[in-house]
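Colleague: Protein chains in written order, with our numbering: chain P, 1 to 607; chain U, 1001 to 1199.
Derived by calculation from the structure, the hints in this document are not laboratory data.
One should not assume that every hint holds.
Label pairs and their computed distance ranges (CB to CB) [said to hold, decoys possible]:
{"#": "1", "chain 1": "P", "residue 1": "578", "chain 2": "U", "residue 2": "1064", "range": "47 to 55 Å"}
{"#": "2", "chain 1": "U", "residue 1": "1065", "chain 2": "P", "residue 2": "576", "range": "22 to 30 Å"}
{"#": "3", "chain 1": "P", "residue 1": "578", "chain 2": "U", "residue 2": "1033", "range": "15 to 23 Å"}
{"#": "4", "chain 1": "P", "residue 1": "435", "chain 2": "U", "residue 2": "1095", "range": "39 to 47 Å"}
{"#": "5", "chain 1": "U", "residue 1": "1016", "chain 2": "P", "residue 2": "526", "range": "35 to 43 Å"}
All C-beta atoms, glycine included, are put in the ideal place defined by N, C-alpha and C.
One letter stands for each residue in the lines below.
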Amino acid sequence: MRFWSAIDLTAAYRPVLFVDETDILVQNSVGIYEGRVRLPGYQNGRLYLTSHRICYVDIASPLTNSVAINLPDIRTIQYTAGFLKSSSKITIHFADTLSSTSSPVSPSSANGTPQSRSPSESTVSLPNLSKNFGVVSSTQSTAGLISMISWMCPICSHSNNLPPNYRASISPIPPCTTCGVKPPESVIQCALAEVATNSVTGSLANDDSSSTSSGADRDGLACPKCTFLNNSAMRVCEICGARLPTTAFNPSDYILNKSIATKESYLPFTIGRSSQTSGFGVEGEIPAFVKISFRDGGDKAFYEKTKEVLTERTWLKNLSRAKQMEPTITITKGPEPQPSNDGPITPSFGIHGLQRMVERERMHNQDLMSSLDDLHSLMKKARDMVSLAEGFAIRLAASPGVPDEARRALRESSQALSLSSPIVTKQMAGGGSDQIYYSELARQLAEFLDSGVLKSEGGIVTLFDVFALYNRARGISLISPKDLYSACSAFEKLGLPFRMRQFKSGLTVVQEALKNDDMTIGALVDWIKTAEKKQYGEEDGVTAQDVSQQFGWSVGVCVEELETAQEQGRLCSDAVVGGTRYFVNVIGDAFWDWKYDLFKDVENRDI
Amino acid sequence: MSTLTSPTSSSTPSTSFPFPSIYSFPPFFTRQPNSQTWTSQLSLWSSLILAYCRYNRIWRIDLNTAIEWDLFNNRDISRSLKLETCREILDSMVKKGDAEWVSGSGSNPSKNTSAIIYWRRPEEWANIIADWIDSTGQKNAILTLYEIAEGDLSYSQDFRGIDATILRKALDVLIRRGQAQIMKSADGEEAGVKFFGSQ
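Modelling step: build the complete structure from the supplied sequences, incorporating the hints.
Modeller: This is the structure we're talking about:
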């Protein structure tokens, strides 16, 4: 499993998506090959194409055998149609320096595919890396890192980040975000070259403990012009303003640590990469490609979609969005010890930090205002709004003296606003049958119900309520009642912890699969036994409303449960003008020997 | 036929009857939808009706008036039995032989409102009457029906004030056993009964 890394799954056995990752396509009955070898235990699963990854979730043992490939690792994909007994396959080639140099007949070159790398390679020139050091392919790491490259404005000294989709000498030069002045191109190029050398020296330092480092002493950096010893974090001499030689800052290390430290997986592929690099030098013999076999069709659609995603580089798009929201996170966590170098996150203290904060505040206000312009823009802003709401919630939780009601209201509204994962649509099922769509929908429904919806409804919720709640959470591309019904019917088949149940009257509810009818009714009857005596007095019994209050079910469900219990002879009803009241059934077992009770003497004489 | 109706059946019976605890259970007055519960409820109700009638010496029940009795109305818990439920209960009693509809003018049986309650079956009455004849030495004597029901000798007996229809059925049992014979008057009316005593 060289290219695949293990992934986390939700309770409903769907991959846990990263922030800003979205589901694109799902396909059933898929097996994977590494090189030309079938991987045992990975031969029947679901394949998810997301904006960041290709995830394989095994049907038989999803918890152990679920893995993913990060899309940025992929160089090319190739489609092989099925022939006779062999099902059609998609071959995924990885951008691996070893495979392209040491094995001349790599599948891609055999097919005459030109060594077309990601666009970044042709534009950003980087020093050639020696494979002996087990360094991450320069091409790919730069593709991932380019977003992290920062340059310092020569006017105001503010360190800016390069936009993630920046292409040297193609894209226009971005102006400084603080003073708005465009820097000369040489500044940007310097920054790019810097990162490139850094990654080499950094990796070198990593592999080789006797670090040759970069000429930076612990004491500081000597200015080449005026020899002033600057702090090692400085880039420009504090005295004369001359450029300082670069420090031994290792961006790839930094990113790795950063992602782990903040638990913000906006750069999931960097984690995967770093863990994979270790084995590269050793396993050079294994061809750098994997195959995915589609046993149940859907191959063509999957291929097309993956190609599209690779060309569009969706992970970068989402990344840039993630970066916009990032400051919110920094501020709630407070200042952390960060390297003072210009990392992906700018430090938020000092005057500049204040400025940023004001700026952010203004942007949030703009979000709020523009969201209300029309519904369409609200849809677009939905995700930002949710993250904003979450930000509020965190702040609310942190500050004392906030009424509980406000907290609850906010929590509920944010819950109703969004689903934890991107919505499942019919398009995701691609060319496959409705069955895939329904099972995916069922999985998402299960996640949705599991997220506290079912709990707040007392463990039993009618299908109508599910329909309303779920569609409200979706917000867009609503599902039809038929879709919902089909999805709910699939709960038990998919082994999800819910089930649909129909009452005698035809009312359909969704409830936890663990709780069978007897348990529910048992709890109900037990409660009535105590309630009759304590709360309601000996003779009063309970009404559906009482049950609803106690168990949190809707009144309709209560009536059905009570009637089912009565049907089983465990309760009996007392129909009065005010409504039906329910009692524990004592009629069923009662027996009255009236002759003995009342006419004992007479009877004895007679008989 | 109904010349010998008990005086108590027309007026509201006394309320001294010791009702069982189930009588204070509100659902007891609602027809239970569960068939098993309902069966149990039916037998409880028929027991209650039989006990109540025997306690108050009621021979027949007229639904239209009886529905107002405290038998079917628990004022303490303000519950009452519905007329159709009451009819259903009596129907089941008729099936078991504990009661019998007094057919009205031969119209359809669902219109019946009056029922004889057999808190003793005619066979039991027959035995009791035969014992009474024996113990009072009236063998071979001829008694009128009125004498049996309302006579001085029967005053302390359980069957005092017995409903004529029930009495006639009890006598029929004795006749079948050969212990009694109906004596008819010249104009064909049943005038009296002659007891032979058990051989």
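Colleague: If a hint holds in the structure, say so; if it does not, say that too.
Modeller: Now for the hints, and whether the structure bears them out:
no. : hint                          : in the structure
1   : 578(P) to 1064(U): 47 to 55 Å : 27 Å, violated
2   : 1065(U) to 576(P): 22 to 30 Å : 24 Å, holds
3   : 578(P) to 1033(U): 15 to 23 Å : 19 Å, holds
4   : 435(P) to 1095(U): 39 to 47 Å : 56 Å, violated
5   : 1016(U) to 526(P): 35 to 43 Å : 39 Å, holds
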